[in-house]
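*Asks:* Sequence order for the protein chains is A and B. Numbering of the first sequence is given in the numbering used here, commencing with residue 1 and proceeding in unit increments. Numbering of the second sequence is given in the numbering used here, commencing with residue 1 and proceeding in unit increments.
Where hints are given, some of them may not hold.
[Said to hold, decoys possible] Listed below are the simulated DMTMM-like cross-link pairs for lysine to aspartate or glutamate, each with C-alpha atoms no more than 20 Å apart in a straight line:
| hint | chain 1 | residue 1 | chain 2 | residue 2 |
| --- | --- | --- | --- | --- |
| 1 | A | K5 | B | D38 |
| 2 | A | K5 | B | E59 |
| 3 | A | K71 | A | D84 |
| 4 | B | K70 | B | D38 |
| 5 | A | K54 | A | D31 |
| 6 | B | K70 | B | D54 |
| 7 | B | K53 | B | E27 |
| 8 | A | K68 | A | D24 |
| 9 | A | K68 | A | D84 |
| 10 | B | K57 | A | D94 |
| 11 | B | K57 | A | D1 |
| 12 | B | K53 | B | E79 |
| 13 | A | K5 | A | D55 |
| 14 | A | K68 | A | E42 |
| 15 | B | K11 | A | E42 |
In short, the hints are calculated from the structure, not lab data.
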Amino acid sequence: DQQVKQNSPSLSVQEGRISILNCDYTNSMFDYFLWYKKYPAEGPTFLISISSIKDKNEDGRFTVFLNKSAKHLSLHIVPSQPGDSAVYFCAASDSGGGADGLTFGKGTHLIIQP
Amino acid sequence: DAGITQSPRHKVTETGTPVTLRCHQTENHRYMYWYRQDPGHGLRLIHYSYGVKDTDKGEVSDGYSVSRSKTEDFLLTLESATSSQTSVYFCAISDLPRGSAEAFFGQGTRLTVV
Numbered sequence: 001d002q003q004v005k006q007n008s009p010s011l012s013v014q015e016g017r018i019s020i021l022n023c024d025y026t027n028s029m030f031d032y033f034l035w036y037k038k039y040p041a042e043g044p045t046f047l048i049s050i051s052s053i054k055d056k057n058e059d060g061r062f063t064v065f066l067n068k069s070a071k072h073l074s075l076h077i078v079p080s081q082p083g084d085s086a087v088y089f090c091a092a093s094d095s096g097g098g099a100d101g102l103t104f105g106k107g108t109h110l111i112i113q114p
Numbered sequence: 001d002a003g004i005t006q007s008p009r010h011k012v013t014e015t016g017t018p019v020t021l022r023c024h025q026t027e028n029h030r031y032m033y034w035y036r037q038d039p040g041h042g043l044r045l046i047h048y049s050y051g052v053k054d055t056d057k058g059e060v061s062d063g064y065s066v067s068r069s070k071t072e073d074f075l076l077t078l079e080s081a082t083s084s085q086t087s088v089y090f091c092a093i094s095d096l097p098r099g100s101a102e103a104f105f106g107q108g109t110r111l112t113v114v
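Generate coordinates for the entire structure from the input sequences, incorporating the hints supplied.
*Replies:* Now the structure itself:
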């Protein structure tokens, strides 16, 4: 049973426009959410995170929105640039103790068209 | 970038042989993780460590064992490699338990079992 779902395997967006990547989760214990970006043949790199006490977090062109009642988060990239083409993973965890890693979605391949 | 090195970067091995992958960090982070990445599955946790000699199983631990005799090294062993273990393996490190901080990933090891 997948606890973190990214239902769009791929997304194509024109350069300069907004990219919106979506993520849903089922585990109500999750209270910390992260987005990772991954280029081919490289490890994932941390992009942005949000705690459940917030509903929005911004870092430059990247904004993550969290809707706890809907168990939904989204990553907005504005404006989209060619270097943003990558696979984006949504990840979640609960902070109730323990160290057993993050739960990841399957990823969304973002393609920025020139 | 976090100081985390995986070796080897690529390996081809035969079914039934033992294989050990190494993760080495220079950050003195307490928590270390092994994930595998497969098409259609995202990243899945194999094993993790919360200190020297302290390890535990993740979501897909069958057929794998780990050891951590020093803070800086976390070894993943496939006791008897099978074709289903063909994958890309990522090591990750974190200085706080899940839910508190992002994890930093290594470059990955591409393992092919023939």
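*Asks:* For this structure, which hints from the list above don't hold up?
*Replies:* The structure conflicts with hints 3, 4, 9 and 14, although it agrees with all the remaining ones.
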